[in-house]
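Asks: Residue numbers (the numbering used here), protein chains in the order written: chain B, 21 to 307; chain S, 2 to 335.
Check the hints yourself; a few may be wrong.
[Said to hold, decoys possible] 25 angstroms max Cα-Cα, derived SDA-like pairs, lysine to any residue:
(1) 83(S) to 155(B)
(2) 122(B) to 325(S)
(3) 144(S) to 177(B)
(4) 59(S) to 25(S)
(5) 122(B) to 33(B)
(6) 144(S) to 59(S)
(7) 122(B) to 81(S)
[To be verified] Label pairs and their calculated CB-CB ranges:
(8) 122(B) to 114(S): 55 to 65 angstroms
(9) 190(B) to 329(S): 29 to 39 angstroms
(10) 193(B) to 231(S): 48 to 58 angstroms
(11) 132(B) to 235(S): 51 to 61 angstroms
(12) 161(B) to 77(S): 16 to 26 angstroms
(13) 140(S) to 74(B): 27 to 37 angstroms
[Said to hold, decoys possible] Reference listing, derived: stretches of chain B covered by chain S, where coverage requires no fewer than 3 residues with Cβ under 8 angstroms from a Cβ of chain S:
(14) 103 to 111
(15) 232 to 243
Just so you know, these hints were derived from the structure itself, not from any lab. Even glycine gets a Cβ: it sits at the ideal position worked out from N, Cα and C.
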Amino acid sequence: MTGILRDLWRYHAEFRIGAALIAVALLLSVLASFSPYPPQQVYVVPPDVPPSLTYWFGTTSRGQDVFWQLTFAMRNTLLFGCTVALISRLLALTIGLFSGYKGGWIDRSLMAVNDTFIVIPLLPILVLFFFVMRDRMSWLLLALIMASLGWAYDARLIRAVAMSLKAREFTQSSLFSGMSTREILVQEHLPYVMPIVFSTTLNNMVWSIGLEVTLAVLGFTDINTPTIGGMIYWANQHTAMVAGIWWWIAFPTIAVIMTFIGLFLLAVSMNDYIDPRSRLRSFGGAS
Amino acid sequence: MSGYFAYVVRRLAQFVLVVFIGINIAYVITHATPIDPVEQSISVVTSFGNTAPDAIEKMRTSLRELYGLGGSPVEQYLAFWKRILRADFGPSMSAFPTPVSTLIGRALPWTAGLLAVSTIVAWGLGSLLGGLAGYYQESRGLKLIGVIAIGVHPIPYYILALVLLIVFGFLWPVLPITGGAAMNLPQAPTFDFIVSVMQHAVLPALSLILIGVGSWFLGMRALVSHVVTEDYVVYAELAGVRPWRVLSSYVMRNALPPQLTGLAMSLGGIFNGAVITEKVFGYPGVGSLLVDAVYAGDYGLVLGVTTVSILGVSTGVLVIDLLYPLLDPRVKVT
């Protein structure tokens, strides 16, 4: 694992930039633990102060320090992405491996459902969900519903690999040595799909954070938990752009763009590494 | 021909399944929650001012009917489907007494037009540039476009739309930033009206196109850079086929089918982007309708827009799927 990372670092410019951007994002989220102000409180600092040495990123009209607010927002947003990615990975792995291994009508019906989830526009459904839940909408609930809607595309990729693994000899020998389906999938097939799981995790985080930002900006999430989208929502509520409080919108926007590009570049470099043709091109014979 | 017929039947079955599952999700969300949606809606509607008690009572009965909360679960489910199939979502609460279907019908052409134009432009331009970039891998200009594409593509639609709004609305105000057409013009196919519609569509379309071009560019470049290593391409080049012909008929031609599949699969995501873009620019389509309906607590309208968008996106996917055999003749055989 460290060998792979070292190769990526050495030969892949995209990986270096992506890793640096994500490192900044992680650093910001770790700093949240050292914040002098609790994230929920308002009017703890003078409002509407432009960026200065005391308040690095300025303060909001609600009397919050943008920098420290941003650290909390970053932490929550990244945690959200990780939670959705983790749960949807479990679903995608289970369905993808099982469907690819079993084949036949099980595979056909699972994939029909799978294709449906790929096609359905999710934003209206999530908005409908918020409409019904209103004030009970919590951070965890949103993560759960997004995970249960966002596994489909990756399940298809995993299934494709599982189908080819099924045709390999070692699957037959483990079957004849009396392993159960679960054992074959977990012990034999799982290690082969792990690289895809890693790169799809990053893509899934881009997807889920993007949707979360969208929903939060519209006020369709739990707006009292600070997230990047939530910060922009409050800034819009106070018409920060018109009032000239540009720093309230600019810094969260920069932070979220940075995170997205970082995650995306990491996913790209991971994909290049997984694909033998592009690996040869960009890494030479190393690895 | 029979192969194509079987293909069409399979796609139609998939279309029906998508709509069926999508509407069932909507049903489960609205019926399986621990919250009484009727009281929820009423509290939202009445929180804006004083409402007479008998008006609230009337609202409660009509909402109960609308949600189909009477009778056994089976009856509720059937009543729900009956409404959907008749496209009858009752009168809108926020624009009483206009029926929800009228509101959606008015908004739909705006969204359909915006989506169709921006998707086709983004897909075509992205595929073309991506194909060139995959074929001429040393070209500096195309490399630069690649770097820009990587930078722009992962940005969420909302953020990009906001940046465009700030740039063209505040810093360099050259384009209209809100609405679908100038308010003072009659909605008739006159020259002024059409020009105004196009002017107002520039920014929303641009934010959809910028993100779209990036993603199709990257996809096509990756596909083409694989295709150019295939034997038949090398053979064609050695046989002296002119470069642009190799590029168009040998390389791009074989990279297009997966791109088209990609378009079908990401149509839902593009629609999500259109919803948020419309909201940012106050564009009078179904996206703005949906968001405003939530703010106003208009249940019938939210459910109506959700249903129509599931139907619309799956129809779009069906159309792309039915066009697919034109690009990939192998489909007809199997």
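Asks: Any hints from earlier that this structure breaks? Give me their numbers in increasing order, please.
Replies: Those not satisfied are hints 1, 2, 3, 4, 5, 6, 7, 8, 10, 11, 13 and 14.
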